[in-house]
Amino acid sequence: MTPLLETRGLKRHFGGLKAVDGVDFTLMPGEIRAVIGPNGAGKTTFVSLVCGRITPSAGTIVFQGRDITNLPAHRRVRQGIAYTFQITSVFPNLSVYDNVALPVQRTLTDGRSQKALREGAIEALQRTGLADRAGVPAGQLAYGHQRLLEVAMGLALRPRLLILDEPTQGLSDGEIEDFVRLVQEVASEATVLLIEHNMPLVMRLAHCITVLDAGRILAEGTPDEIRENVAVQQAYLGTITGEAAA
Amino acid sequence: MTGEVSPLRVYLLHAAIILALFALNFMLPPYHHGLMARIMVLAVFAMGYNMLFGYAGLLSLGHAMFFAAGMYGTGLAITHFGTGVPAAFACGIVAGAVLAFAIGLLALRTSGVAFMIVTMMFSQVFYLAILYFAAWTGGDQGMVLQQAARVATLGPLVLDLSHPVGRYMAALALFAIALFATLITVRSRWGRVLVAIRENEERTRMLGYDTFANKLAVTVLSGTIAAAAGSAFALLFGYVGANFAAVQYSILPLLWVLLGGAATTLGPLVGTVVMYYVTDTASSYTSAWLLIVGVVLIALVLFFPKGILGTLRERWAGWLP
Chain A
1 MTPLLETRGL KRHFGGLKAV DGVDFTLMPG EIRAVIGPNG AGKTTFVSLV CGRITPSAGT
61 IVFQGRDITN LPAHRRVRQG IAYTFQITSV FPNLSVYDNV ALPVQRTLTD GRSQKALREG
121 AIEALQRTGL ADRAGVPAGQ LAYGHQRLLE VAMGLALRPR LLILDEPTQG LSDGEIEDFV
181 RLVQEVASEA TVLLIEHNMP LVMRLAHCIT VLDAGRILAE GTPDEIRENV AVQQAYLGTI
241 TGEAAA
Chain B
1001 MTGEVSPLRV YLLHAAIILA LFALNFMLPP YHHGLMARIM VLAVFAMGYN MLFGYAGLLS
1061 LGHAMFFAAG MYGTGLAITH FGTGVPAAFA CGIVAGAVLA FAIGLLALRT SGVAFMIVTM
1121 MFSQVFYLAI LYFAAWTGGD QGMVLQQAAR VATLGPLVLD LSHPVGRYMA ALALFAIALF
1181 ATLITVRSRW GRVLVAIREN EERTRMLGYD TFANKLAVTV LSGTIAAAAG SAFALLFGYV
1241 GANFAAVQYS ILPLLWVLLG GAATTLGPLV GTVVMYYVTD TASSYTSAWL LIVGVVLIAL
1301 VLFFPKGILG TLRERWAGWL P
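Those protein sequences? They're chains A and B, same order as listed. The opening residue of the first sequence carries number 1 in my numbering; numbering runs sequentially from there. The opening residue of the second sequence carries number 1001 in my numbering; numbering runs sequentially from there.
Chain A extracted, bound-state conformation (with noise of 0.2 Å):
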């Protein structure tokens, strides 16, 4: 099976700061991979490499087989990468409707009909149980069901890839019980890298943990053996777990 994603080498440089400092990376499909790593530790910087929204200082990006390190964003995500933003960004001034309207209404291969944007839509918002608020402007719209909305945008893209940045940051408890049957939902038929700070969320979630420390893999392996690792819990899990025990 060939890997859906792999990098080679991937550096970003910015001056002396090496956030990402020679990845070497692959990502299978179905998966749900989370990312994890102390503040700082290029895992933002290394997933906008991966969505293009930055370039590579060196290395190469291969999906499903294609080198796209030079492709722009906007053509990556025409291949099927979706990225949700930390730091919610939707499209406050326009309706719930039309923030997911203009994902579906780019991936429609007819182009035309009027019935299957509706449906598209409606069926992005009601994964995400915002179809009753398919009217409302997205910037009324409550911080969690915002980043429910991001999610459900990244949805209808119908993506190969789903980057979800962060995506419980400001959750509630209850919220987050509805994040996880989503993302497990979404698995079955995207492959999802995960970025996150939530512990127990990602033991739960990941099929396997990457961890990066200083722009560099420090381990990878299953929610198991990332636990168990050393090296980790000296230079991540220790500080988190004394963190989510005090």
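Heads up, a few of these hints could be off.
[Said to hold, decoys possible] Here are some chain A residues pointing at chain B (derived, C-beta under 8 Å):
#: 1; residue: Phe14
#: 2; residue: Val77
#: 3; residue: Asn93
#: 4; residue: Gln105
#: 5; residue: Arg106
Hints in this document: simulated from the structure, not taken from any laboratory. C-beta atoms are modelled at their ideal positions from N, C-alpha and C, and glycine is treated no differently.
Here the structure of chain A is known, so what remains is to put chain B in place on it, guided by the hints.
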């Protein structure tokens, strides 16, 4: 913009506006009849500006060059090549479209304040070029289009554009086409993409849209509509002048659109009418009419920051496109 509002009411309103303007042809006294024809042509210019500024959120300070490109494309074709009205009109539109494409390619590499400065700079270059090539353009004297050159013949149809009724009807026809073209565009899926670019360009890009190509397309559309207005102005009023390429004609459409309501289909008309009549009334009382215009504008910005129709839509009529 939700695509959910019943379109019937919207289309009826726009058709009623066109009918009302048609009826005014028979009701207005001669002075206002002539003024209204002028206002309709300039409202088309404002509608072109509104496509770019109101919907796509790109603030150009150089739209005088597109208006003037249409005007001079038409004027030069008639003066130097003796073309008929339809061919001259086509020359004006093509000149505006080509110029908008070239300027868009360069200016859209910038955004925000830099975009304003770059468009203004290109527009000044265009203005100075008109003055420099005076042998062709007539320099600051401009060109007068003779009455005989302004009679349009399309098969059996003869339309004298220098006659008040012919002029009014031609202006109304252009206005109606531009209005419905705007209405259809902004209610379309592409209109939704333009608004998305205005609201959050980075997010739009990350939904898979080539934002540069979309911005270039709307720049060309906007420049072409402005050029159509400029060309019509030359044909209807018989004068092609460099002052229409000067910086004030880049500022005026911005004021008209802000006054009427940016990103509303009828705002450009309302803004142009109000501004024209305020100017006209003020200048009949005092030579300090610019002061009165200024005070009115400041009051509007303070109390109606979204313009007349923008405020109306926000408070009472959310269905207005």
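Results for each hint:
1. Taken as an interface hint, Phe14/A does not check out: its beta carbon lies about 18 Å from the nearest beta carbon of chain B, beyond 8 Å.
2. Hint status for Val77/A: holds, given a least beta-carbon distance of 3 Å to chain B, under 8 Å.
3. Interface hint at Asn93/A: satisfied, since its Cβ lies 6 Å from the closest Cβ of chain B, which is below the 8 Å cut-off.
4. Evaluation of the Gln105/A hint against chain B yields a held restraint, the C-beta minimum of about 5 Å falling below 8 Å.
5. With a least beta-carbon distance of about 5 Å to chain B, the hint placing Arg106/A at the interface is held under the 8 Å criterion.
Hint 1 alone, counting from the list given before, is not met by this structure.
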